[in-house]
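Number of protein chains: 2
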Amino acid sequence: MPIYTAPTQDMQFVLHDVLNVSASDIPGYDEMDRETTQAILEEAGKLSENVLAPLNPVGDEQGCTLENSVVRTPEGFKDAYDQMREGGWMGLDADPEYGGQGMPYLMGSAVGEMFVSANMAFNMYQGLTHGAYSAIHAHGSDAQKATYLPKMIDGIWSGTMNLTEPHCGTDLGLIRTKAEPQDDGTYKISGQKIWISAGEHDMSENIIHLVLAKAPGGGEGTKGISLFIVPKFLVNEDGSLGERNSLSCGGLEKKMGIHGNATCVMNYDGATGYLIGELHKGMRAMFTMMNEARLGVGLQGYAQGVVAYQNALGFARDRLQGREVTGVKNPDGPADPIIVHPDVRRNLLDQKSFVEGARAFVFWGAQMIDASHRKGDEEAEAMISLLTPVIKGFLTDKGFETTVLAQQTLGGSGFTREWGLEQFVRDARITMIYEGTNGIQSLDLVGRKLGLNGGKTIMAFFDMVKNYIKDNAGDEAFDRDFLEPLKKASKDLQAAGMYFMQNGMKNPHNALAGSYDFMHLFGHVCLGLMWARMGKAAMAALETGEGDQDFYRAKLETGRYYMARQLPMTGTHLARIESGAEPVMTLDAANF
Amino acid sequence: MPIYTAPTQDMQFVLHDVLNVSASDIPGYDEMDRETTQAILEEAGKLSENVLAPLNPVGDEQGCTLENSVVRTPEGFKDAYDQMREGGWMGLDADPEYGGQGMPYLMGSAVGEMFVSANMAFNMYQGLTHGAYSAIHAHGSDAQKATYLPKMIDGIWSGTMNLTEPHCGTDLGLIRTKAEPQDDGTYKISGQKIWISAGEHDMSENIIHLVLAKAPGGGEGTKGISLFIVPKFLVNEDGSLGERNSLSCGGLEKKMGIHGNATCVMNYDGATGYLIGELHKGMRAMFTMMNEARLGVGLQGYAQGVVAYQNALGFARDRLQGREVTGVKNPDGPADPIIVHPDVRRNLLDQKSFVEGARAFVFWGAQMIDASHRKGDEEAEAMISLLTPVIKGFLTDKGFETTVLAQQTLGGSGFTREWGLEQFVRDARITMIYEGTNGIQSLDLVGRKLGLNGGKTIMAFFDMVKNYIKDNAGDEAFDRDFLEPLKKASKDLQAAGMYFMQNGMKNPHNALAGSYDFMHLFGHVCLGLMWARMGKAAMAALETGEGDQDFYRAKLETGRYYMARQLPMTGTHLARIESGAEPVMTLDAANF
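Just so you know, the protein sequences line up as chains W and Y, in that order. According to the numbering used here, the first sequence is numbered sequentially starting from 287. According to the numbering used here, the second sequence is numbered sequentially starting from 287.
I should point out that these hints are in silico values taken from the structure, not numbers from a laboratory. Keep in mind that a hint or two might mislead.
Given that identical chains are not distinguished, each listed pair holds provided it fits within a single copy or across any two copies.
As the list claims (entries may be wrong) - BS3-like, lysine-lysine: derived pairs with alpha carbons at most 25 Å apart:
no. : residue 1 : residue 2
1   : K742      : K661
2   : K774      : K540
3   : K773      : K437
4   : K509      : K615
5   : K567      : K777
6   : K464      : K474
7   : K752      : K567
Only a predicted model underlies this, so the values are computations on that prediction, with no experimental measurement involved.
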């Protein structure tokens, strides 16, 4: 069975040595001193290691079952869910006005990484609830907030998001689910939604569905869409559960992975729904959930990489096979541990340098969200809006790739169910698809986000990198190992942006044919920046000679690996982008 | 359910327009005229499409079961196996002296691609038999050949290869299975082997296991290993089945994929075995099987990509979602088919340009094997020996990646079992692992094959590419789109080789840390060469104005895509290689 060890030391390094959170002027960040975050991470780590991780293969093996419209989650899930509730984990970063603990979103992300690494399918139940909570919190009326939020923060009620229908996922303008206005101000919701994660299950007393539907008079396409709260059980005035709403789970999807999560076909047969936000402006409200969900999915991507890497590393240290080519390393054994072999190290360092860089990237992103929400920092809001598709698309592609690399470290054992690596691969695979496929993320990035604020936000990103390089230059080794590669990668990104500017106007295909490469190019520059920041922080700690010097040295060396071995990818992405639309668009669809 | 369509036209193009097989002086190639190969491919195609492909999801869903040492294959497998036998497919390229049809190995590869695309798990039963056939054919005594080969060619008996033990896979010097010599010249074989594909099943009357074991007096390590024939049922003098041998299947592996194939734990308890080849020289005999198996696995890798791509393409043509950005393409429908979108085309062309290039590469490799076996061409033998790890490692990595890309084309549907794409991903995954992990392939390439014949073989490869470019230069568009990128990629490969020469001597880590990138760099150059040859052939056919002009135009355009969008990867691989051992080797194993 695979193991999971909460990476508390690594997280503390990012929070304090790199982001220096407790010195930030973001309201609430002063509470995040080293001792407090250490205590929270240790508690979350225990729950993750001892409760959630052992359930992960169980959930995969048993999956969910549907009988008479009732969904049963795998053995042990309900107990674990109750422990999460009792620990107050579900409301960690939720609004104290409704019973939340009011911690920063960043703290929620750190804890979330642990939960996801330990058991992604399980954690989705509360993850979806959190998304629905955020949408109601941002767009609901005071009465709606008072009715739903406290119980969702507690976890006794859970939540979902209902977008996809059989004939449309990406193109939501085509949705057919109808909302008929009633005299009492409610709506009757009718239609079928598919791929609804946590749509039905046995762990919460009520499920609050947020459903996109079309009410009369909204016109064609996405403009006519509104968002509705459609609870499984209607709620009485006193907050107690009333009658069963006219909705049901019509089937469970058989999937490649995340078997422990119920992926439901949801049928709404004139179910009572309550408009949330403005009529016909449901897409805007839904995007509140989507943006948060996309960051959460980016986190899932690398978090699966984290646990996969841990197991690959353990195997590589234990497995004795072959001898180190320049000299025996384990003379008392029949062979050397495979971690001595250069190609095994190459494989492990690809994993390690990615997951640690990704963690810093996501934590930095979460800090920007806090800056936006907690002190109204519009620049931070714009920056995280620009980076959201990069976090989602790049980190899930590379996170999945990392699980595959980790599986490879184990050789044949990686292909067996017994070792658990293959589950990480299967579970991670969905992250590249849901909440908008990674192709859609790249279109969002190139088609919408590059032009954000008239291009000012992307220019601010370039300036930030340039200023970082300028401000940190001067140390010969650091310049050579970190700043020079970062400068080169950033120039590639700027050249790609310039190519889009110069060629996308006359033919948008020139930009769209390169969007996917641009997203990856951007991701590498972000991780390069993160590694430069981490490398600098590690150097500072090494100069003091205090603390875990091996740990800081490992950070520095892992960063150097990323710069030397991963950043050169930006050149290939740029070459692909600059080859333009022609190789992509010429072939007639009939002749593929 | 996924579909499969035999790519007969594509295969005919490679065989005749590119390789021009019937004009070759390799004995037997004169029989491969267009009409003959067309007829064979059509027959194999029918069997693949109508019998094997429909069984593929059945095999995945049911898997194999073990009860009282008997393994049951999935429903329908035995019928399909009998149809394969009756059609004579199992002996297509086997020696006519023992009942084979004597067709070239190339023809077997073409037909094999179809069988593997249609049902990889099923085809492994006969694939392993073919490997065992080859080892006995090459190393067995006349009596052994007469006893085993006719029935293995027929398929009424099947075969296996037994290498791995629980504590050793790559490092076979550690094996513990013992062979005790008996007075009658036989041996008693005792030990446990794991991950034995097709080790036990209900489709053949006897199973001929080839088992690596240590006989007394052979010394330490791989030198002391011998190869034994260990039949499930002993064979009487008249060829009929005798008593049951002391061996049994002790368990079935639960795996990520290829569920239809029985992956067995095999226990040998003093089983009767017959030495094959020379005592203590079993590794050499085993390599006869391994090399063939490695080519076969490379073929499996891209063959899974072929069928995955076909299904992705079908989906992309049918699924209506969004509108083409420069203008509506399907005005009568609610949306345009997603194949109009640049990023979907980018994804499809990555798939298509890989699988078609890979097919040409493998067919060319098979032709070299025929040249080696049928006319003793030593240069061809050396060249295919050099390229075998590239075919195995690069084509399975990229083949798996192709199945993942194809799954991505389908969005959420790709993650459901119903559409079948996720099975291709799970099945393809093993190809990167078995018959030597791809890391091991890269060590074989850099550690052994580069130095083959004192480096003459790799120099011959460079000369071949250089001469190809020189001989085919002159057409402005072809020079620009094909020859220039190929020249650049080939220079990167030479630079990498030069780096190894100059730096690997003083420290072998400098070569080994770059071995994986070198294997991929090499693979891209090979596919670049293949696409240049295919592009040239397509241009020639377009100039005649005859035949399926759309088909040839598509070849040319797909080739241009590969050169523009895939070949630039060689620059990144070279940069990684030239960063040397230092970033890979510095980090202490304890501090990962």
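Hint check results:
1. Taking identical chains as interchangeable, the C-alpha atoms of K742 and K661 lie at most 25 Å apart only when both belong to the same chain, with a minimum of 21 Å there against 68 Å between chains.
2. Taking the shortest Cα distances, K774 and K540 never come within 25 Å of each other, neither inside one copy (45 Å) nor across copies (47 Å).
3. In this homomeric assembly, K773 and K437 never come within 25 Å of each other (Cα to Cα): the closest approach is 49 Å inside a single copy and 66 Å across copies.
4. In the homo-oligomer, the alpha carbons of K509 and K615 lie at most 25 Å apart only across protomers (22 Å), although the nearest pairing inside one protomer, at 66 Å, exceeds that limit.
5. In the homo-oligomer, the alpha carbons of K567 and K777 never lie at most 25 Å apart, since the shortest distance is 40 Å inside one protomer and 57 Å across protomers.
6. Proximity of K464 to K474 under the C-alpha cut-off of 25 Å is restricted to the intra-copy arrangement: shortest distance 8 Å within a copy versus 75 Å between copies.
7. In this homomeric assembly, K752 and K567 never come within 25 Å of each other (Cα to Cα): the closest approach is 39 Å inside a single copy and 62 Å across copies.
This entry does not satisfy hints 2, 3, 5, 7, going by the numbered hints stated previously.
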